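Undergrad: Residue numbers (my numbering), protein chains in the order written: chain A, 1 to 135; chain B, 1 to 135; chain C, 1 to 135; chain D, 1 to 135.
A couple of the hints might just be wrong.
It does not matter which identical chain is used: a pair holds within one copy or between any two.
Said to hold, decoys possible - Heads up, simulated EDC-like pairs for lysine to aspartate or glutamate below, C-alpha to C-alpha not over 16 Å straight-line:
no.	residue 1	residue 2
1	LYS103	GLU75
2	LYS103	GLU123
3	LYS103	ASP7
4	LYS103	ASP16
5	LYS103	ASP60
6	LYS103	GLU70
7	LYS103	GLU132
Calculated from the structure, these hints are not laboratory results.
Keep in mind it's a predicted model, so treat the numbers as computed, not measured.
This is what each chain is made of:
Protein chains: 4
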Amino acid sequence: MTRHRYDCHVRFSDVDVYGHVNNVKYFEFYQEARLAFLSSLGRDPEDADSGLVVARIDVDYRRPILFRPEPYAVETWVSRVGTSSFGLQCEIRDGDEVYSRAKAVMVSFDMAAQRSRPLSNAERARLAAVVEPGE
Amino acid sequence: MTRHRYDCHVRFSDVDVYGHVNNVKYFEFYQEARLAFLSSLGRDPEDADSGLVVARIDVDYRRPILFRPEPYAVETWVSRVGTSSFGLQCEIRDGDEVYSRAKAVMVSFDMAAQRSRPLSNAERARLAAVVEPGE
Amino acid sequence: MTRHRYDCHVRFSDVDVYGHVNNVKYFEFYQEARLAFLSSLGRDPEDADSGLVVARIDVDYRRPILFRPEPYAVETWVSRVGTSSFGLQCEIRDGDEVYSRAKAVMVSFDMAAQRSRPLSNAERARLAAVVEPGE
Amino acid sequence: MTRHRYDCHVRFSDVDVYGHVNNVKYFEFYQEARLAFLSSLGRDPEDADSGLVVARIDVDYRRPILFRPEPYAVETWVSRVGTSSFGLQCEIRDGDEVYSRAKAVMVSFDMAAQRSRPLSNAERARLAAVVEPGE
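Same shape as in the complex, but just chain A (with noise of 0.2 Å):
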């Protein structure tokens, strides 16, 4: 089991005039669940991010999310690993219904030098651990 879940509680501040999640609060949704995913690897949850940039993002709207008191799930995984870079998958689903599918591009970031570095040895281990290859 290479999928992380994070359960995703909408909030009527989500939904927009036509009722509707808004576009916008997709990429929420998954940046929430990215943080989660990260974390579980082992970083803390309010650094998830440091020393990683997010360099792309493309994300497909399949059906739209309402705003209800169950949660949605949010599936996270690594579907590659590269030298510097890595690729993480995301589907925000419910049960066997896809709602949206994201791509993100996510790299080792240098803070301090302010450009890209390789990611550690320590940093590909925990990843390759729970590749997915796809796409």
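Start from chain A and add chains B, C and D according to the hints.
TA: Below, chains B, C and D without anything else, positioned relative to chain A:
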């Protein structure tokens, strides 16, 4: 037991540059809790506020709320039932620790006529059943 | 002229399912205006709140705010200068029309000691120069 | 001149614990710019998205966006006009400096039937008038 409890899941997006949940987000937490409470009294979550408007909210800040996986409890209760309005009180807490307290004045509103209207007998009965008079 | 004016640009994301700017967003507007005001008194925008905490905010809602390209004016002024705290008042308006009024209690805070501290003479002087005592 | 320019005013609330505008907010900026752009083509701002859904957005992050009083420019243009969909491209910039680029696929949608529908001739004409074909 007249207090309603809403489990508020803090998001990374709620946190500001000082590392605390931003002041503004407390009102979002209170709103989510209020809608869940009103819904529990017999309204549909989607239009829990239809026919009700918030006329006033007073919020006291006591302690910073931090990002963490465990939810905070937001308790909401009815503190007063009037002719065309009622009072709500709310607390964000963690066991005995109170992070913030709020009072809201809710006004029953005739959306078509765009003015306040008396609470119906059914509304008054639902509210009176859970009132916990306070300061 | 002691009132500070902040032009608040409403976003589509501020609007809720009822087609109005959501209640919660009024606090965001007040926060943006407050930071701009405090910054105008001689603080850097980025840490305009450092050393100051919001102890309390009371907000009255009067009319719904709608999404539109033209900004709303948020006026902020000092209503009281105390020993270790001061009062702010704010209004969201459009010409003579007032959409919402707010009062905030700001407390001077020693972040290291985690307790309130007296306002410095420089701080008191900056605030006293623009005070407009009110109810 | 086929590019639409939206002046995006950054809010303190957009900034995360790292002192940068949070990744998620870029999508909010793109959304605000897109709605203003579509509105400028002859739609009412309030339902600028009615009959149009976002099917996909890809965002590249290049440089951090910081909180400041001066707005950032968000440029939006039409990159492709299809049968029932069209492509938008967007950039957040400051003079020659590009902070982020995005591509969106917009699908013309029959809300009643809940399926895509061909763009009307009037829609195609409005879009074709400002198309700037690109990769």
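Undergrad: Now tell me if each hint is right for this structure.
TA: These are the hints, each one checked on the structure:
Taking CA atoms no more than 16 Å apart as the test, LYS103 paired with GLU75 passes inside one copy only; the shortest distance there is 12 Å, against 24 Å between copies. Taking the shortest Cα distances, LYS103 and GLU123 never come within 16 Å of each other, neither inside one copy (20 Å) nor across copies (31 Å). In the homo-oligomer, the alpha carbons of LYS103 and ASP7 never lie at most 16 Å apart, since the shortest distance is 19 Å inside one protomer and 29 Å across protomers. In this assembly of identical chains, LYS103 and ASP16 lie within 16 Å of each other by CA distance neither inside one copy nor across copies; the values are 24 Å within and 22 Å between.
Taking the closest pair of Cα atoms, LYS103 and ASP60 come within 16 Å of each other both inside a single copy (9 Å) and across two copies (12 Å). In this homomeric assembly, LYS103 and GLU70 never come within 16 Å of each other (Cα to Cα): the closest approach is 25 Å inside a single copy and 27 Å across copies. In this assembly of identical chains, the alpha carbons of LYS103 and GLU132 lie at most 16 Å apart only when taken from the same copy (13 Å versus 27 Å across copies).
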